[in-house]
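Student: The residues making up each chain are set out below.
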Amino acid sequence: MSEFFGSPHALLILVLAGFLPNEVWRMAGLWFGAGVDEGSEVLVWVRAVATAILAGVIAQILVQPPGALAGVPDWLRYGAVAAGFAVFMLTRRSIFAGVVCGEIVLLAGKWWLG
Amino acid sequence: MPATIQISIRSPVALPPLSSPQWKSPIRAFAWGMSSVASTVLTLVLFATYLGIGALAHDSHFSLGWVLGSTLLVWAGPAQIILISTLGSGATAVQAAIAVTVSAIRLFPMVVSVLPLMKTPQTKRRHLVLVTHFIAVTLWVECYRLLPKVPRERRIAFTHGLGCGLLSVCMVATTLGYGLAANLPPLFAAAILLLTPLAFLLSTARNCRQISDVLALVLGIALFPLVSMLHTGVDILISGVTAGTIAYGVHWWRERGRA
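Note that the protein sequences, when read in sequence, are chains A and B.
Here the first sequence is numbered in the working numbering, starting from 1 and rising by one per residue.
Here the second sequence is numbered in the working numbering, starting from 1001 and rising by one per residue.
With beta-carbon atoms standing in for the labels, derived distance ranges:
| no. | chain 1 | residue 1 | chain 2 | residue 2 | range |
| --- | --- | --- | --- | --- | --- |
| 1 | A | E38 | B | P1016 | 18 to 26 Å |
| 2 | B | L1018 | A | F4 | 38 to 46 Å |
| 3 | B | P1017 | A | L16 | 43 to 51 Å |
Here are a few chain A residues that sit away from chain B, every Cβ distance over 10 Å (derived from the structure):
| no. | residue |
| --- | --- |
| 4 | W75 |
| 5 | L90 |
| 6 | W112 |
Keep in mind that the hints were calculated from the coordinates and are not lab data.
No residue lacks a Cβ here, since even glycine has one placed at the ideal position from N, Cα and C.
Whole structure, please, built from the sequences with the hints as guidance.
Tutor: Written out as structure tokens, the structure is:
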């Protein structure tokens, strides 16, 4: 069992640095969200902020790419996402078509660059 | 394989009409929630992302139980990637905790905005705890798409099913990725890391209901690179709240003009 889970210390770090930092925000959301009505005008603002923060996460991964994505040139990262978005719009908002196209552009670009 | 994928995308699992007596059973509602996992391409995206997370954990010398625990408990792809890569690169637990806390801020407005779709006047907060734990980007956008097709009093059971279904798929993917790590080509790692922004962008774009959502998405992407030059540590929070508030302001101004 100890081999499967690793040291108790590693599990403690998982709880303190992984589980709690996420769960705190979720439970805070539960505390506020459970009292809000579906038709409430506040929700329009909260939804807009949630969408804009997600947009920030998207931009961050593209502008400051993590790990192996940092090895892909800027223009190829932006180009792949732009191509994926264009195909998504052209196919009446098919996420599948958009994701596949973006990935093909990335892989083809990397292959072409060698 | 491509043929089955095609079919599952073209003909999503058909839910019974809202008035159907079949919705009387919470267990059936749970089962429909679980089978709805097959109705979205985002399940495939999650599968591939968690293959990547399993492989990353293996390469960073974490145990299989540890990374499965992180999928179960953390249940947010970007947070797990940050956690594994910061700890793996020798950062302290405190540094990792701070980075993960900042990345998790987005969960707060997501939970606040989606919970009102699920509650009835009888719902207590404790009934929503598990649903709240399941909320991450995929569940958030899928709730907006699927919950209107589910009777209100069955929405919590349905979402429990959807959450358990997605979590099971990701646990399998994490295990597979961990086992396959040594055999995955290097190009695969870059392709998987691109999946997150690509799928987040397209699913959020599909989720846009009003002008405020569209503006929030566009402004949020445009503002982040500018705000990130300030290096505040909470750049995403600043750009997100600013862009979201401007987007809401435009919505408010247009509504006022109409009234």
